[in-house]
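Could you build all of it, start to finish, from the sequences and the hints given here?
Quick note, the sequences are listed as chains C and B, same order. Going from the first sequence to the working numbering is simple: count from 1 and add 12. Going from the second sequence to the working numbering is simple: count from 1 and add 15.
Simulated from the structure, these hints should not be mistaken for laboratory data. Ideal Cβ placement from N, Cα and C applies to all residues, glycine included. There's no promise every hint is true.
As a list, the in silico DSBU-like pairs of lysine-lysine whose alpha-carbon atoms are at most 30 Å apart [said to hold, decoys possible]:
| no. | chain 1 | residue 1 | chain 2 | residue 2 |
| --- | --- | --- | --- | --- |
| 1 | C | K88 | B | K45 |
| 2 | C | K88 | B | K35 |
| 3 | B | K104 | B | K83 |
Residues of chain C clear of chain B, computed beta-carbon distances all greater than 10 Å [as the list claims (entries may be wrong)]:
| no. | residue |
| --- | --- |
| 4 | D61 |
| 5 | N67 |
| 6 | I71 |
| 7 | G112 |
| 8 | P127 |
| 9 | T170 |
| 10 | G176 |
| 11 | P177 |
| 12 | P181 |
| 13 | Q184 |
| 14 | E209 |
| 15 | A218 |
| 16 | P272 |
| 17 | G281 |
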Amino acid sequence: MTAAPTAPTTSNGAPQQIQSNKAKAGRTVRFRIKRCDGPGKASRWETFDVPITPNSNVISCLQWIAAHPTTAEGTKTTPVVWESGCLEEVCGSCTMVINGQARQSCSCLIDNYAPNDGDTITLEPMSKFPVIRDLWVDRARMYHALKRVQAWVPIDGTYSLGDGPRESPEKQLTRYKLSQCMTCGCCLEACPQYNLEEDESKWDTAFLGAAPISQARLFNEHETGKQLKDERLEALMGPGGINDCGNAQNCVKVCPKEIPLTESIAAVGRSATLQAFKKFFQAK
Amino acid sequence: MTAASTVVKTEARLDQCLSKLAELRERYSKVRLADTATWTNQTLSYVRAVGDMLILAEAIALGGKLRKESRGSHYRTDYTERDDANFWKASIAKFNGTGSDVEFGEVRAGLVEPRARTYGATDTKKEEKKEAAAAS
Numbered sequence: 013m014t015a016a017p018t019a020p021t022t023s024n025g026a027p028q029q030i031q032s033n034k035a036k037a038g039r040t041v042r043f044r045i046k047r048c049d050g051p052g053k054a055s056r057w058e059t060f061d062v063p064i065t066p067n068s069n070v071i072s073c074l075q076w077i078a079a080h081p082t083t084a085e086g087t088k089t090t091p092v093v094w095e096s097g098c099l100e101e102v103c104g105s106c107t108m109v110i111n112g113q114a115r116q117s118c119s120c121l122i123d124n125y126a127p128n129d130g131d132t133i134t135l136e137p138m139s140k141f142p143v144i145r146d147l148w149v150d151r152a153r154m155y156h157a158l159k160r161v162q163a164w165v166p167i168d169g170t171y172s173l174g175d176g177p178r179e180s181p182e183k184q185l186t187r188y189k190l191s192q193c194m195t196c197g198c199c200l201e202a203c204p205q206y207n208l209e210e211d212e213s214k215w216d217t218a219f220l221g222a223a224p225i226s227q228a229r230l231f232n233e234h235e236t237g238k239q240l241k242d243e244r245l246e247a248l249m250g251p252g253g254i255n256d257c258g259n260a261q262n263c264v265k266v267c268p269k270e271i272p273l274t275e276s277i278a279a280v281g282r283s284a285t286l287q288a289f290k291k292f293f294q295a296k
Numbered sequence: 016m017t018a019a020s021t022v023v024k025t026e027a028r029l030d031q032c033l034s035k036l037a038e039l040r041e042r043y044s045k046v047r048l049a050d051t052a053t054w055t056n057q058t059l060s061y062v063r064a065v066g067d068m069l070i071l072a073e074a075i076a077l078g079g080k081l082r083k084e085s086r087g088s089h090y091r092t093d094y095t096e097r098d099d100a101n102f103w104k105a106s107i108a109k110f111n112g113t114g115s116d117v118e119f120g121e122v123r124a125g126l127v128e129p130r131a132r133t134y135g136a137t138d139t140k141k142e143e144k145k146e147a148a149a150a151s
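What follows is the structure, encoded as C-alpha cells:
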C-alpha cells in the first residue's frame with residue numbers, strides 16, 4: 013500500500029507554497045447560452061466555442077461572441093443581448109444565471125469557472141423576471157418594491173436643509189453594509205418564495221423579497237428616514253411582506269456584496285412585532 | 016487610438032493613426048449589421064455610436080498632431096517642451112461634413128501667470144540635465 017502524498021516542504025520542513033492551479037493558457041471554453049428573441053417568444057439554446065485570454069470574464073466572452081456571432085456548429089447567428097454597466101461589480105446590472113446560480117457576470121472569472129480546455133459554462137437570464145431578449149430581463153418590479161417600502165430619506169424640498177443628524181460609528185458600520193445593496197436581484201432569483209409575476213397589478217401583494225426588506229431596515233435606522241417607519245412597517249406587515257419569507261436563507265448565500273440579509277429580515281420581523289403591539293394598545 | 020493617441024504621441028505614429036481612421040471611416044460607410052432584429056437591437060445602437068466615435072477620434076488625433084509641443088497630458092516625443100508663444104491656445108475642431116478642421120483659438124488668461132511645472136522638484140541635477148538638453 014503506497015503512502016498518501018504529503019504536502020511538499022522546503023528544506024527546513026516548512027510547508028512549501030503550493031503553486032496556484034493556473035488555468036491553461038490559450039484554451040477554448042464552450043458557452044451554452046439560453047436565447048430568446050423577445051417577450052413571449054420561445055427560448056432556444058445556442059453553443060459557442062470561445063478562445064480564452066488571461067483574466068477573461070463572462071462579459072469579455074460575450075463581447076467576443078458579439079464580434080464572432082457563429083455557433084459551434086458553424087451557423088451564423090446574432091450577437092447575444094445582455095445588460096452591463098460598471099464592469100466592476102458595483103452596479104448590479106449584469107446579473108445572470110451562470111452554471112445554475114445567479115451572480116454578476118462581470119466578476120465571473122473564466123479561470124475559476126472553466127479552467128480546462130473544453131469546459132462548459134451555461135448562461136441563462138434570471139428566471140424571476142420577464143425576459144426582454146436573450147439574457148436581458150425587465151427588472152421594473154424590483155424598483156416597484158423599493159417604492160412599496162419607501163426606501164428613501166424623506167425631504168420636504170430641495171433647498172439647503174442644513175446639517176443632518178449625527179450617527180454613531182456603530183450604527184454607521186451596520187448601515188454601511190446594508191447600503192451596499194445594488195439591486196442586482198441575485199437574492200430574488202435564489203429565493204424560493206419569490207416568483208415570476210408578469211401581471212403588474214399583482215405586484216403590490218406579491219412577495220417583496222430580501223433586498224427591499226433590507227433597504228427598509230436601512231432607512232428605518234436613518235435618523236431622518238425613520239420618520240417613515242410606520243408606513244414602511246405597514247407595507248412590510250401586509251400581503252407580500254415579511255410573512256412570506258420562508259427562511260430558506262438562500263438570499264444571504266448568493267448576495268455578491270455579502271449583505272447580512274437574514275439579519276435584516278429578522279430585525280424587521282422584530283420591529284413588526286413591536287409595531288403590532290404598539291398599534292394594539294394605541295388609543296384610536 | 017489607445018496606442019497612438021493617449022499621453023505619449025509622435026507625429027509619425029499619429030499619421031499612421033489618422034490614415035487608419037480614414038480607412039475605418041471608408042469601411043464604416045459600407046457597414047452591415049450582424050443583427051437586423053427590430054426588437055432590442057444592441058448592435059444597431061452600438062454601430063451608430065461607432066460612426067460618431069470615428070469622427071471624434073479623428074478630431075482628437077488631428078488636434079494632437081497639430082499641437083507641436085508638450086502640455087500636461089499631451090506629450091510629444093518630438094516636441095518635449097511647452098511652447099506658450101505658439102500654443103498657449105485652445106484646439107477647436109469643427110465638423111466639415113466628413114471630418115474635422117482643427118484651428119487654434121484664444122485662451123482667456125486666468126489668475127495664474129503661466130510658469131514651468133516642476134511639481135515642487137528641487138533636484139538641481141535634473142535642471143542641469145534639462146538645460147543641457149535645451150542647449151544641445
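For each hint, the structure was consulted:
Distance hint between C:K88 and B:K45 is fulfilled; the C-alpha atoms sit about 20 Å from each other, no more than 30 Å. Distance check on the hinted pair: C:K88 and B:K35 sit about 28 Å apart at the alpha-carbon level, within 30 Å; holds. Among the hinted pairs, B:K104 with B:K83 is consistent with the structure: their alpha-carbon atoms are about 12 Å apart, no more than 30 Å. Remark: the non-interface label on C:D61 is consistent with the geometry, its nearest Cβ contact in chain B lying 18 Å away (cut-off 10 Å).
Every C-beta of chain B lies more than 10 Å from that of C:N67, the closest at about 17 Å, which supports listing it as non-interface. For C:I71, the shortest C-beta to C-beta distance to chain B comes to about 13 Å, beyond the 10 Å cut-off, and the non-interface label holds. Distance to chain B confirms C:G112 as a non-interface residue, since its nearest Cβ pair spans about 25 Å, more than 10 Å. Here C:P127 stays apart from chain B, with its beta-carbon at least about 30 Å from theirs, past the 10 Å limit.
Every CB of chain B lies more than 10 Å from the CB of C:T170, the least distance being 32 Å, so the non-interface label holds. For C:G176, the condition that its CB be more than 10 Å from all CB atoms of chain B holds, with the nearest at approximately 35 Å. Every CB of chain B is more than 10 Å from the CB of C:P177 (nearest about 39 Å), matching its label as outside the interface. A cut-off of 10 Å between C-beta atoms confirms that C:P181 is not in contact with chain B; the least separation is 36 Å.
With a least beta-carbon separation of about 37 Å from chain B, C:Q184 lies farther than 10 Å from that chain, consistent with its non-interface assignment. Here C:E209 stays apart from chain B, with its beta-carbon at least about 21 Å from theirs, past the 10 Å limit. Listed as a non-interface residue, C:A218 keeps its Cβ farther than 10 Å from every Cβ of chain B; the least gap is roughly 25 Å. Interface exclusion of C:P272 from chain B stands, the closest Cβ pair being 36 Å apart, more than 10 Å.
Under the 10 Å C-beta cut-off, the non-interface status given to C:G281 relative to chain B holds; the minimum distance is some 40 Å.
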